[in-house]
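Top line first, the protein sequences correspond to chains A and B. Basically my numbering = 1-based index in the first sequence + 30. Basically my numbering = 1-based index in the second sequence + 106.
Each hint should be verified, as a subset may be incorrect.
[Stated by the list, open to error] Short, incomplete list of chain B residues facing chain A, as computed with Cβ under 8 angstroms: (1) Leu176; (2) Gln240; (3) Ser244; (4) Arg419; (5) Ile422.
[Stated by the list, open to error] Some chain B residues flagged as far from chain A (calculated, every beta-carbon gap over 12 angstroms): (6) Ile130; (7) Phe142; (8) His195; (9) Phe247; (10) Gly262; (11) Phe273; (12) Arg316; (13) Met367; (14) Leu405.
Derived by calculation from the structure, the hints in this document are not laboratory data. Backbone N, C-alpha and C fix where the C-beta goes; we use that ideal spot for every residue, glycine too.
Listed below, chain by chain, are the residues.
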Amino acid sequence: MEFIVLSMLNGLSYGLILFLLAAGISLIYGVMGILNLAHGALYMVGAYVGWSIAVQNGLNFWLAVLMGGLAAGLLGLVMERVFFRRLYKQLNEQVLLTFGFIYILTNLSIWIWGAQFRASFTAPILAGSFHVGGLTYPIARITVIFIGLIIAVGLWWLQDKTRVGAIVRAGMDNKEMTMSLGINLGLVSTAVFFLGAFIAGFAGVIGAQLMGVSPTLSVDILLLSMVVLVIGGLGSVQGVLLGGILIGGTDAFGKALFPELAMFFIYLAMIIVLAVRPRGLLGRR
Amino acid sequence: METTNLKSITRLWPGQLVRFVPYIASGVILILLPSFLPSYMQSMMTKILIFAIFAMSLDLIMGYTGLISLGHAAYFGVGGYTVGALMVHYDINMLWISAPVGILMAALIAAVFGLIALRVTGFYFIFVTMALGQLLFSIAFKWEWLSTMDVEAIVGIPRPDIGLPWFTWSSISFYYFVFLAFVVCFFLLNRLVNSPFGYALQGIRDSEPRMRVLGYNTWLYRYIAFVVAGVFAGVAGVLFAYHNSIVVPTHLSIITSALVMFMVILGGTGTLYGPVIGAAVIIPLEFYAGIVTPERWPLILGSAFVLSIMYARAGIGVYLSRLWNRVAYRYGSVKG
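Hey, can you work out the whole structure from these sequences and the hints?
Written as structure tokens, this is what we have:
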């Protein structure tokens, strides 16, 4: 029983980090038709910035989270304004361009922060554990779960209940029509891109304290968030959240029961979903 | 058009022949040039031709069928790993056995992965192909059977035994062997894309619903193209294992997939000469960057990705072919 609860909580915290990343990719693709493969690299940059503020310089953890998010957000802003503008609906070119950014950001990160793995850390504010009944669980992980769920609700509210969300959804369905209604979709796109990149960097910092940081993260975490998107389906916050939690749970139970094979359970989950529901469990269209 | 006289026919001929000049010229260069080069350059040209086969195979699905795969290195790596495993575990190095088995394995994996990946298209297809490629990468990384001497790689693959006891390989003879394979692959792929089947693929690329309405089984066409591309990638992988003598998990991974995709886009998608030109640009760049600044190579490569997408999006090959058409047109009309 204790094992099951702990694994579920581990899976949930991991899954929510994957959700934050995948939700950004889904949102950006939805609004702008841009497949940003460099999202994982933005996560990694955020994680490194946060790591050097919180661990190297020993400053406040929330400052690190904010700065990690801002660093990724600003990088995303530059990428969007300078490069992606001109590549709407050209999937070939987007893939290669964003992959180029993965190379650049990863190599620059190695240059700045070194190639070695930086171990996970616990911020002093989040040290200690909760004791409920016979269970103890680290506060740091509980915080990640809380933050993840709050952002999930926030994104859902933003996308389904606000005017901005209505514009975003309209843009997903028909970009030209939305623009012809006099809506400044360019501005909305930039804002959405910044938000997505900010959340990626933000997730990087809170993820780094659970999993550490390394340069290979930019591809590894991207791969996992893509599996999340395949499982959950693009377009809805709920779908991505479901995908994230399922993958986090699969990973946590897999690692606890069959450590050597954990990776393969994730692929297996993806293949099963593709066989049954190719558009994802809750995919739009 | 109705009145065909002798004069207009003779006028046509130089124009028709002129079309083949680039092929003849590059053929002559590829045959003659290596004999005058030092052996490391011969080896580099061998690698260019191998990656040209690999890039052409990706272009068959990317440029002609419209399926963007970020996991194409899987079939390349499987070909190479099969050759390596046959050598290490079964002591088989006979070309007539190890090459066909390597290609067959690549085809089998492509046939299985195609069934999974072609459940979806577009955006999802990129994800699934990438994930499947990374799956093989992690298998190769973790499975000790595919490692030699405590490194996650198969090392020491010799050039193949072709069954003639008096024959020994040199870098130039291996180059001509690869060149022969390249010519055969180019010819076959050229026939394929200019066949009714190839036109159907291009129709699917441009408008899948229309082709479906016309009665084509578009899924099957895509699937066959996917497997055929896997076969040619397997050919390249087998040759690369012989050439490189080491196969590492990275040869299966997204790093290699993205590199070969870059060759296709840089050269020009939807042409067969484009990927060849892409390979001919990237491989030397990689070679010299590897000498000058190996640790910054990813940075250079990434910048090259970004710059070429921003400034040479149609592909170098397409620019060159336009240039050539202009020259040929002028030549043809003056000669008239």
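Which numbered hints fail
5, 9, 13 and 14
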